[in-house]
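Kindly generate the complete structure, drawing on both the sequences and the hints.
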Amino acid sequence: MNGRVFDVCGAASFSSTGEAEHLYAESGTMIERKTGYEPTMKDLSVSKRYWYRYDDQRDEIGIYFDDRDGSKDRLFHTMKVRAGGQGKETVGSGSHRCGSDVYHVEYVFGEPLSIEYRVSGPNKEYTSRTNFTRI
86 MNGRVFDVCG AASFSSTGEA EHLYAESGTM IERKTGYEPT MKDLSVSKRY WYRYDDQRDE
146 IGIYFDDRDG SKDRLFHTMK VRAGGQGKET VGSGSHRCGS DVYHVEYVFG EPLSIEYRVS
206 GPNKEYTSRT NFTRI
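Numbering-wise (this note's numbering), the sequence shown opens with residue 86 and increments by one.
Worth double-checking, as some hints may not be accurate.
Heads up, simulated DSBU-like pairs for lysine-lysine below, C-alpha to C-alpha not over 35 Å straight-line [stated by the list, open to error]:
id: 1; residue 1: K173; residue 2: K157
id: 2; residue 1: K119; residue 2: K133
id: 3; residue 1: K165; residue 2: K133
id: 4; residue 1: K133; residue 2: K157
id: 5; residue 1: K209; residue 2: K173
id: 6; residue 1: K209; residue 2: K127
id: 7; residue 1: K173; residue 2: K127
id: 8; residue 1: K209; residue 2: K165
id: 9; residue 1: K119; residue 2: K209
id: 10; residue 1: K209; residue 2: K157
id: 11; residue 1: K209; residue 2: K133
id: 12; residue 1: K127; residue 2: K157
So the derived label-pair ranges between C-beta atoms look like this [claimed, not checked]:
id: 13; residue 1: G206; residue 2: S100; range: 31 to 37 Å
id: 14; residue 1: D154; residue 2: P197; range: 29 to 35 Å
id: 15; residue 1: Q142; residue 2: D186; range: 25 to 31 Å
id: 16; residue 1: S199; residue 2: D154; range: 27 to 33 Å
id: 17; residue 1: R159; residue 2: V131; range: 28 to 34 Å
id: 18; residue 1: S100; residue 2: R153; range: 23 to 29 Å
Read the hints as simulated data drawn from the structure, not as lab findings.
Backbone N, C-alpha and C fix where the C-beta goes; we use that ideal spot for every residue, glycine too.
Structure (structure tokens):
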């Protein structure tokens, strides 16, 4: 969005629906940070849902879209988790192609928990960082 910066304030939750499956849901309001760029957007309501499933055969977590038609089998990406050692935080990473664009994601399991998407390609070029604070 041409150097524009947006913040989202909201809430996220995990709920267990099975032994190795959890539903992640987030919702909030996206607000454009005042940086001198014009025009500004009106505040937008945003929401997203994903299914997290652990695959013990592959020792990885699959993150799936929660599609509006009730399907939960469309893979977003898989996450390999690497345990931190000696003061290092545990991290997970994965990637996903969307047409010609690529999403690289890194999870940092610390305080705060954070997720960063780096998106690049001919149609998209941005970074999205989310920091979670337990309430």
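- Unmet hints by their number, sorted upward, for this structure: 7, 17, 18
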